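**Student:** Hey, can you work out the whole structure from these sequences and the hints?
Residues per chain are reported as follows:
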Amino acid sequence: MLPRYYFMSVKIILFGKLAEIAGGSVSVDNVPDTDSLVDLLNKRYPELTTIKYVIAVDKQVITENTGLNKKSMVALLPPFSGG
Amino acid sequence: MLPRYYFMSVKIILFGKLAEIAGGSVSVDNVPDTDSLVDLLNKRYPELTTIKYVIAVDKQVITENTGLNKKSMVALLPPFSGG
Amino acid sequence: MKERKPKNIFVQGPIAASFIADSIQKHSSKTDIGGHSIFLGQVRADKIEGKEVASIEYTAYEDMALEKMYTIREDIFAKYDLTCMHVYHSLGSVKAGEISLFVFTSSAHRKAAIDACEETVERLKAELPVWGKELLTDETYHWKENK
Amino acid sequence: MKERKPKNIFVQGPIAASFIADSIQKHSSKTDIGGHSIFLGQVRADKIEGKEVASIEYTAYEDMALEKMYTIREDIFAKYDLTCMHVYHSLGSVKAGEISLFVFTSSAHRKAAIDACEETVERLKAELPVWGKELLTDETYHWKENK
Chain A
0 MLPRYYFMSV KIILFGKLAE IAGGSVSVDN VPDTDSLVDL LNKRYPELTT IKYVIAVDKQ
60 VITENTGLNK KSMVALLPPF SGG
Chain B
0 MLPRYYFMSV KIILFGKLAE IAGGSVSVDN VPDTDSLVDL LNKRYPELTT IKYVIAVDKQ
60 VITENTGLNK KSMVALLPPF SGG
Chain C
0 MKERKPKNIF VQGPIAASFI ADSIQKHSSK TDIGGHSIFL GQVRADKIEG KEVASIEYTA
60 YEDMALEKMY TIREDIFAKY DLTCMHVYHS LGSVKAGEIS LFVFTSSAHR KAAIDACEET
120 VERLKAELPV WGKELLTDET YHWKENK
Chain D
0 MKERKPKNIF VQGPIAASFI ADSIQKHSSK TDIGGHSIFL GQVRADKIEG KEVASIEYTA
60 YEDMALEKMY TIREDIFAKY DLTCMHVYHS LGSVKAGEIS LFVFTSSAHR KAAIDACEET
120 VERLKAELPV WGKELLTDET YHWKENK
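Residue numbers (numbering that gives the first Met the number 0), protein chains in the order written: chain A, 0 to 82; chain B, 0 to 82; chain C, 0 to 146; chain D, 0 to 146.
Certain hints may be false.
In silico lysine to any residue, SDA-like type, Cα no more than 20 Å apart, as pairs [to be verified]:
(1) Lys-46(D) - Asp-80(C)
(2) Lys-110(D) - Leu-65(C)
(3) Lys-6(D) - Ile-54(B)
(4) Lys-58(A) - Val-37(A)
(5) Lys-70(A) - Glu-19(A)
Everything labelled a hint here was simulated from the structure, so no lab data went into it.
All figures in this text were calculated on a predicted structure; none of them were measured in a lab.
**Tutor:** Dropping the structure here:
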């Protein structure tokens with residue numbers, strides 16, 4: 000039997016410069032955690048590796064590898080420049 | 000011969016609570032310095048001794064006894080409360 | 000679960016001086032206020048490689064920004080004795096010389112209003128997911144980064 | 000002798016929100032500005048022995064205040080990288096809820112504008128010979144003192 004996450008699809012939203020590279024949102028399948036997500040995105044969009052960003056899961060910036068489920072709201076955030 | 004300051008008249012301006020006691024301006028004769036001025040004013044307006052104030056000579060707050068001449072601009076300033 | 004009702008802070012386009020005046024005027028009925036502190040962020044016509052910034056196009060991750068702002072607001076109210084706080088940030092295009100950020104704190108005493116305003120500005124610059132794309136006079140652009 | 004041309008800071012009566020808006024609006028042509036910091040002093044309806052402050056009647060030793068303000072302005076410009084500074088203080092009657100002090104500093108970067116505004120407010124409260132006579136609701140009065 001396959002692990003539960005196997006068919007899981009996670010939607011990622013991207014902002015600023017990142018959205019120019021990969022679009023405002025992308026769907027990825029089969030990513031149990033944020034480390035796997037980054038690996039996959041880096042393969043799909045090599046230019047992402049050249050850009051500084053943080054990842055937010057459920058609107059909280061994460062600082063270590065974080066598990067994902069199909070309800071996870073994942074966002075890739077380049078350096079802020081509000082104000 | 001009398002000393003030069005003998006006939007000297009100095010005009011003092013007063014503000015805030017002090018003006019209520021002694022008026023907005025008073026003239027005093029025969030005061031060679033600010034210490035003499037305070038002595039004279041305290042005799043003329045005993046209530047002044049109950050009030051905190053600083054003295055400005057030529058628009059500068061003084062912190063020690065200061066000589067006066069007939070061109071001196073003397074002001075008695077109660078605690079500031081602008082803003 | 001805690002009930003969260005973040006107030007919207009985003010306005011489309013620049014923040015007008017008349018909007019700021021209205022906001023100030025509304026506080027005249029709050030006679031327990033002794034001091035207001037206001038910070039305004041204005042779009043600067045910075046020179047970038049010989050070109051000039053003509054405007055900034057702001058975008059935000061609005062949901063997250065409003066939640067963050069809610070937390071910042073709660074923290075600031077817990078720390079300072081404030082009467083009120085108002086924050087507005089532009090989305091979309093704001094030209095050089097126009098205002099894109101308006102932070103307004105009020106208190107009985109000046110110290111709380113001033114310190115709260117400064118801390119709110121610093122925190123929202125660091126924590127709100129908002130991005131400014133600087134559009135240059137030659138129609139190229141540059142992504143701004145807060146220091 | 001140094002030539003001194005102190006700018007007038009005194010206005011008769013309260014400072015209107017529309018005056019503040021006009022002052023902000025005038026800065027939109029200065030596109031080297033990135034941040035404005037504003038402090039507004041508002042007359043508080045303080046309770047004094049069961050009575051309430053209805054208004055403050057401001058008087059000043061104007062000549063000395065303008066010279067002091069000139070010195071403060073010079074010191075602040077020497078210390079901070081400011082684009083401009085504007086200060087207005089009321090004379091005469093200002094009702095509770097109305098504004099009696101308006102300090103406005105602008106700079107390329109927020110830190111200078113914010114720090115300069117705060118320091119200017121602190122210095123003028125401590126150094127300007129201005130007095131507020133608080134008129135109470137029962138028509139008695141009380142002389143205010145800055146802390």
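**Student:** Is the straight-line distance between the alpha-carbon of Lys-46(D) and that of Asp-80(C) 20 Å or less?
**Tutor:** Status holds; Cα separation ~18 Å.
**Student:** Quick one, are Lys-110(D) and Leu-65(C) close enough, alpha carbons at most 20 Å?
**Tutor:** Distance ~25 Å between Lys-110(D) and Leu-65(C) Cα, so the pair is violated.
**Student:** Would the pair Lys-6(D) and Ile-54(B) pass a check requiring their Cα atoms to be no farther apart than 20 Å?
**Tutor:** Since the Cα atoms of Lys-6(D) and Ile-54(B) sit roughly 24 Å apart, the hinted pair is violated (cutoff 20 Å).
**Student:** Is Lys-58(A) within 20 Å of Val-37(A), Cα to Cα?
**Tutor:** It holds: about 17 Å lies between the C-alpha atoms, which stays within 20 Å.
**Student:** Holds or violated: are the alpha carbons of Lys-70(A) and Glu-19(A) at most 20 Å from each other?
**Tutor:** violated (25 Å)
Checked against the numbered hints above, the structure breaks hints 2, 3, 5 and satisfies the rest.
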